[in-house]
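Peer 1: If you use the working numbering, the sequence shown corresponds to residues 837 to 1417, in order.
Where hints are given, some of them may not hold.
Claimed, not checked - Below 35 Å or equal to it, Euclidean Cα-Cα: the simulated DSBU-like pairs (lysine-lysine) are:
{"id": "1", "residue 1": "Lys-1295", "residue 2": "Lys-1228"}
{"id": "2", "residue 1": "Lys-1016", "residue 2": "Lys-960"}
{"id": "3", "residue 1": "Lys-859", "residue 2": "Lys-960"}
Hints were generated in silico from the structure; no laboratory data involved.
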Amino acid sequence: MTHPLSIILSVTPVQRGIFDRSKGTLPNVAVVYSTGSGQVAYFDGRPLTWSEQAFSQYRTRYDVDLSEHRRTAELRSTPLPSRGDFYFFIATVDVTFRVSDPAEVVRRNIRDPLPVVYGHLANKFRVITRGFDIEESTQAEIALRNAFDGEVALPQGITLTEVLPRLLPDEAANRYLRQKAEAGRSLQTNHAQHAVNVQQALQQGELDRMLQLGRIQAAQAEMAALGGGGEMSARQMVMLHLARNPHDTENALNLLMAHEQAMLERQDGQSAQTAELFRFLVENNLLQAGDVESHLPSLMHQMGLAAPPAAVQSTAWTQPPLLSRADPPAAVGPAGQPAKPEPAVVYEQDPVTKVWQPSDGVQPVYLMVDESAGVGPYISDLSNGVHALHDKLLRAADVSPAIRLSVLGFADQLATRTRLEAVVSGSESPWFAARGPADYARAFEMLLDQITPDIEELKQQQQKVLRPVVYLLSGSDPGDDTTWASPHRRLIDPAAHRYAPHIVATGFGSASARLISTLATQPELGYVMTPDTDVHQAIRQYWESLAQTILDSGRALIAGRPDLELAPRPPSGFRLARELV
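Please model the entire structure based on the sequences and the hints provided.
Peer 2: Structure representation (structure tokens):
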């Protein structure tokens, strides 16, 4: 409750007696006089002298308080609206004021100044706070302070010397703001939890795919061991069933015997029909003796008998043989002299159908793929791409002997997904899993330690081994970390590393053009994704281009052209990194 404040301290009649003396005053009190007709007079706050008091027309004396007053009030009865008038501010204000025009105070008979002061503040505050949302209480408070920065004189003769407002939302607004803040926090929490769920789903998907791949490979190995590489016979299906259900032996054998009995009965029926048809044709002279030999193989085949051996016929020569490297023995002439050798005729195989020979050599290829946490959203694209590349090499039986492939994934460690080996039937298909930050320095150190023993072991198996090629695919940037530069130099420096590889570097995502251009061993071997390209589509096009490049290099090696370009053209959706540096 606000206690009233009286600024008119006293109201007394003016004494006119001979012995009446004028009453004095205090420094903080101003004296105001009024006549019987209501006119107000102010003599700089001093009281009248005895003569002025005795002979003047003034009838009433007013003592007005000039002191500076300070009050703290909470404007709950007049809440301040925010923008839109939906929610309101509660204002607590510290106000300092004093009487600046005592005559006006007397004239208006303002005995309690607080309603005048608070009413003026509420009216001014209301206009200002309507320009701010309920969330902007701080900004609204600053605007109020600026509006009352200096002294403000009111028409009632009162001057405001200091106004210090503090604004807070009312209860309804507080409830709204709490709900809004909680909703925002829930949104952030849900977003973070969604990212965790997505990552867990990706990892679980990778694990499920690996388990499924393992089951498929195990089933393929089981079928191969049981002789079921192609279309399975009834006997092979029974053997597979027995391997998986050994307790069902009796039923399986009964089914097999019944199947074989049915096959024999069917064959006997076909043989009888065929013999009857042959007899009918011969008895009715529909089949001449000269035609018997040409029809006999098919008839015997239908009867389940072995066909007679076919006559040997000359066949057309479609592919000249490779000449032996050994020199033929010299022919002896009539007089015991060696005959003059005839000019040798050398046949060159068609490069398209030429098969790989150990003398052609092998090309070691390392696929070094970024599988750090930063490329997590694209890890399935990377895994699908390397699966597709592995399948293409597996189907290219003419090229796979010339290529030795190793798939590596780098993040905080360098993980060997497949060792350096030929891609043949039964070889494991690689995969990737997002993990940790990208540590380029450690990746190059571990690659440097891995290449040398790989090539040494390969040279023990094969005399001719070409310089290794590293196809590096990066989706992250090391930033200011340059510790990778030293191991990278040692890796590609032929003077320091006997088996220094070529590096074909390709970047997507956050991998910078400067990084990729530096990693590539030649300026034309560094590529980055073009702007506004869909990352998923770019990764898919990269794998398609890489598969074709590896196949082309293998065929070039077999054809005697091992110096084929490592990357004859940028993948679709990529451009040379040096153009952006």
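Peer 1: It remains to establish, for every hint, whether it holds in the given structure.
Peer 2: Going down the list of hints, with the structure as the test:
1. Lys-1295 - Lys-1228: holds, 26 Å
2. Lys-1016 - Lys-960: Measuring from Cα to Cα gives roughly 29 Å; hence the hint holds.
3. Lys-859 - Lys-960: Since the Cα atoms of Lys-859 and Lys-960 sit roughly 41 Å apart, the hinted pair is violated (cutoff 35 Å).
Checked against the numbered hints listed earlier, the structure breaks hint 3 alone; every other hint is satisfied.
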